[in-house]
Amino acid sequence: MKAAEAVIQCLKEENVNTVFGYPGAAVVPIYEALRKSDVKHILVRQEQAAGHAASGYARSTGKVGVCIVTSGPGASNLITAVAAAYMDSIPLVIITGQVKSTLIGRDVFQELDITGATESFTKYNFLVKDAKSIPKTMKEAFYIADTGRKGPVLVDIPMDIMEEDIDFEYPESVNIRGYKPTVKGHFGQIKKIIDRIKISQRPLICAGGGVILANAQKELEQFVRKSHIPVVHTLMGKGCINENNDYYVGLIGTHGFAYANKVVQNADVLILIGARASDRTICGVKNFAKDADVIHIDIDPAEIGKILNTYIPVVGDCGNVLSDLNKEIVPPQTEKWMKEIKNWKKDLHIERKPTDKVNPKYVLQTVSDILGEDVILTADVGQNQLWCARNFKITGNRKILTSGGLGTMGYSLPAAIGAKIACPDKRVIAFAGDGGFQMSLFELGTVAENNINIIIVLFNNSGLGMVREIQDNKYPGEFGVNFKTNPDFVKLAEAYGLMAKRVENDSEFNGVFKEALNSNRAFLIECIVDPHEKTF
Amino acid sequence: MSVLVENHAGVLSKVAGLFSRRGYNIHSLTVGVTEDPEISRMTIVSIGDDYMFEQISKQLNKLIEVIKVIELSEESSVYRELSLIKVSAENSNKLLIMETVNTFRGKIVDMNEKSIIIEITGSENKISAFIELMKPYGIKEIIRTGLTALQRGSKLED
Chain A
27 MKAAEAVIQC LKEENVNTVF GYPGAAVVPI YEALRKSDVK HILVRQEQAA GHAASGYARS
87 TGKVGVCIVT SGPGASNLIT AVAAAYMDSI PLVIITGQVK STLIGRDVFQ ELDITGATES
147 FTKYNFLVKD AKSIPKTMKE AFYIADTGRK GPVLVDIPMD IMEEDIDFEY PESVNIRGYK
207 PTVKGHFGQI KKIIDRIKIS QRPLICAGGG VILANAQKEL EQFVRKSHIP VVHTLMGKGC
267 INENNDYYVG LIGTHGFAYA NKVVQNADVL ILIGARASDR TICGVKNFAK DADVIHIDID
327 PAEIGKILNT YIPVVGDCGN VLSDLNKEIV PPQTEKWMKE IKNWKKDLHI ERKPTDKVNP
387 KYVLQTVSDI LGEDVILTAD VGQNQLWCAR NFKITGNRKI LTSGGLGTMG YSLPAAIGAK
447 IACPDKRVIA FAGDGGFQMS LFELGTVAEN NINIIIVLFN NSGLGMVREI QDNKYPGEFG
507 VNFKTNPDFV KLAEAYGLMA KRVENDSEFN GVFKEALNSN RAFLIECIVD PHEKTF
Chain B
4 MSVLVENHAG VLSKVAGLFS RRGYNIHSLT VGVTEDPEIS RMTIVSIGDD YMFEQISKQL
64 NKLIEVIKVI ELSEESSVYR ELSLIKVSAE NSNKLLIMET VNTFRGKIVD MNEKSIIIEI
124 TGSENKISAF IELMKPYGIK EIIRTGLTAL QRGSKLED
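Quick note, the sequences are listed as chains A and B, same order.
Position one of the first sequence corresponds to residue 27 (this note's numbering), numbered consecutively onward.
Position one of the second sequence corresponds to residue 4 (this note's numbering), numbered consecutively onward.
Source of the hints: derived by calculation from the structure; they are not laboratory data.
From the three backbone atoms N, C-alpha and C, an ideal C-beta is built for every residue, glycine too.
Worth double-checking, as some hints may not be accurate.
[As the list claims (entries may be wrong)] Below, a sample of chain B positions facing chain A; criterion: calculated Cβ distance under 8 angstroms: (1) E9; (2) G20; (3) D53; (4) Q62; (5) K65.
Assemble the whole structure, with the sequences as input and the hints as a guide.
Next comes the structure, spelled out in structure tokens:
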């Protein structure tokens with residue numbers, strides 16, 4: 027078969043049934059193969075959205091997300107999305123077209139060295155030079171993307187190679203000499219952990235995005251139940267445990283809760299699971315948990331010891347390590363510690379300053395109260411992101427998707443598209459500010475065309491709220507963050523064929539939200555927010 | 004450190020890129036094929052503390068093409084460097100130069116009325132010492148390859 031058909035056949039071998047893409051001359055052969063196959067193709071409106079949608083899809087299903095774009099500007103438009111996936115360790119396989127192999131390096135039309143450009147933020151990338159290698163390349167691409175510390179893998183295929191004829195045989199297995207991820211924790215280290223926890227007085231679990239990526243929520247919940255150890259989490263770790271759990275404390279970090287950060291500072295043993303101790307979480311290496319023995323469980327050995335001095339390191343998949351711990355764990359006495367924590371939690375101030383506009387924290391709490399368990403929430407970047415993280419409660423199967431590592435504005439809408447296509451039966455709500463929304467609003471076209479029944483809640487505070495907040499706090503006031511001219515977002519959404527309503531104050535929100543839920547249509551709710559509303 | 008890598012196009016650039024991106028210095032780097040033509044060996048000299056070395060080897064190991072990273076300590080490895088030195092040589096001091104070259108077990112690989120090219124191999128210190136001794140005669144050009152090294156004893160355990 028033609029190599030292009032082989033590419034699509036490889037996707038089918040990997041159980042891929044949906045791809046997000048934007049064609050161009052260099053990928054026409056692949057699109058011909060797509061036309062003949064039953065793989066669903068979602069045409070986006072800009073390539074970056076294809077990447078974010080594949081990311082939302084991957085995070086909602088646990089499968090590898092796939093996107094296909096053309097050479098040159100198509101590939102370069104995708105760069106931000108690839109970097110975002112890399113920073114959050116999301117498994118993606120990205121197929122880019124490339125100019126004819128004989129013309130590479132001659133600055134031809136729509137030529138770009140995408141493999142060179144993305145080298146530092148792809149887990150690995152391939153420039154296919156031999157059409158016969160395509161099945162092996164694709165198999166390796168999926169394997170690398172979906173194992174160990176997951177991440178994006180890019181496959182660049184020149185268009186003449188796509189047209190060659192090859193014999194198709196999908197390899198049974200993959201053997202890469204230099205890549206053998208460790209998934210099972212060393213039993214000696216695990217024993218050390220159990221011994222250390224047994225005698226601890228104020229132990230604490232800090233869960234990160236790795237727990238979500240490993241799908242280890244059940245193992246974590248069991249560990250908490252057996253060990254009686256309280257849990258805090260990072261931004262990316264939100265969703266690691268049901269927030270109604272007695273041992274649940276809260277979000278830590280620069281924008282976390284003060285009482286949760288206090289708990290970290292007072293711990294004597296800190297069990298970091300699937301978290302990389304990012305600067306947002308620890309806000310300063312010298313002081314973070316300085317009196318605690320740090321136990322660091324992570325699948326990436328390079329993260330252990332990178333930021334924090336580790337007392338007991340364990341390399342492995344969190345699900346596996348937690349299962350092993352669950353077999354032997356001996357719970358320490360934590361009643362006194364839990365009492366202290368509950369007292370500190372009482373210090374939590376409910377930040378609901380009266381406002382005559384919409385209070386976004388109230389909106390998130392309302393959404394959290396009204397909705398059921400099968401919900402995927404996507405958040406953009408900035409104030410809206412933290413309002414979501416701090417005020418939306420995780421229960422049941424609820425998930426929150428956001429760009430934590432790279433912090434890419436415009437993530438929310440395309441990620442929600444990917445999530446809804448992946449899970450059509452789940453309720454998907456996308457939150458964004460007017461800044462982030464305008465970075466990807468063209469995807470309203472994709473929403474309308476594919477009848478993607480999501481609710482978009484737009485917090486309009488006429489500018490870049492988070493930067494404004496930083497400028498208000500540290501500098502003489504805001505500068506360069508005001509959107510003096512914003513479109514009428516309601517009219518804009520209606521122009522795309524969505525239903526839309528504007529909400530001017532809290533009392534209106536409840537009714538409009540219920541209307542959106544019952545409409546069974548794509549719905550945009552624009553909430554007018556005070557520009558000086560703060561994160562907390 | 005000695006790094007075994009798959010002999011793929013672009014590996015050198017990947018490793019160099021990793022060092023520059025993470026802010027580690029490369030004092031010297033040599034690379035060549037090994038007894039297995041699909042595997043190359045890179046010898047990289049970097050200056051830093053234990054934390055840096057641990058991070059460098061972990062980040063190197065993350066690269067898919069990197070098969071193994073070995074720390075080469077001076078006591079348990081053989082270090083070698085090669086240098087070609089073009090020295091001004093009048094007939095009057097050619098003999099003196101040749102005596103020094105012989106003492107250092109070097110070789111003269113090119114000669115004309117004005118200058119000679121000396122080839123010398125050895126440890127970094129030996130080569131630096133030889134270069135110092137050649138300075139008074141007038142050094143026209145030098146090239147040093149940078150260190151390469153192998154662990155002493157039998158083949159790497161696997």
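Hint numbers not upheld by this structure, sorted from lowest to highest: Violated: hint 3 alone.
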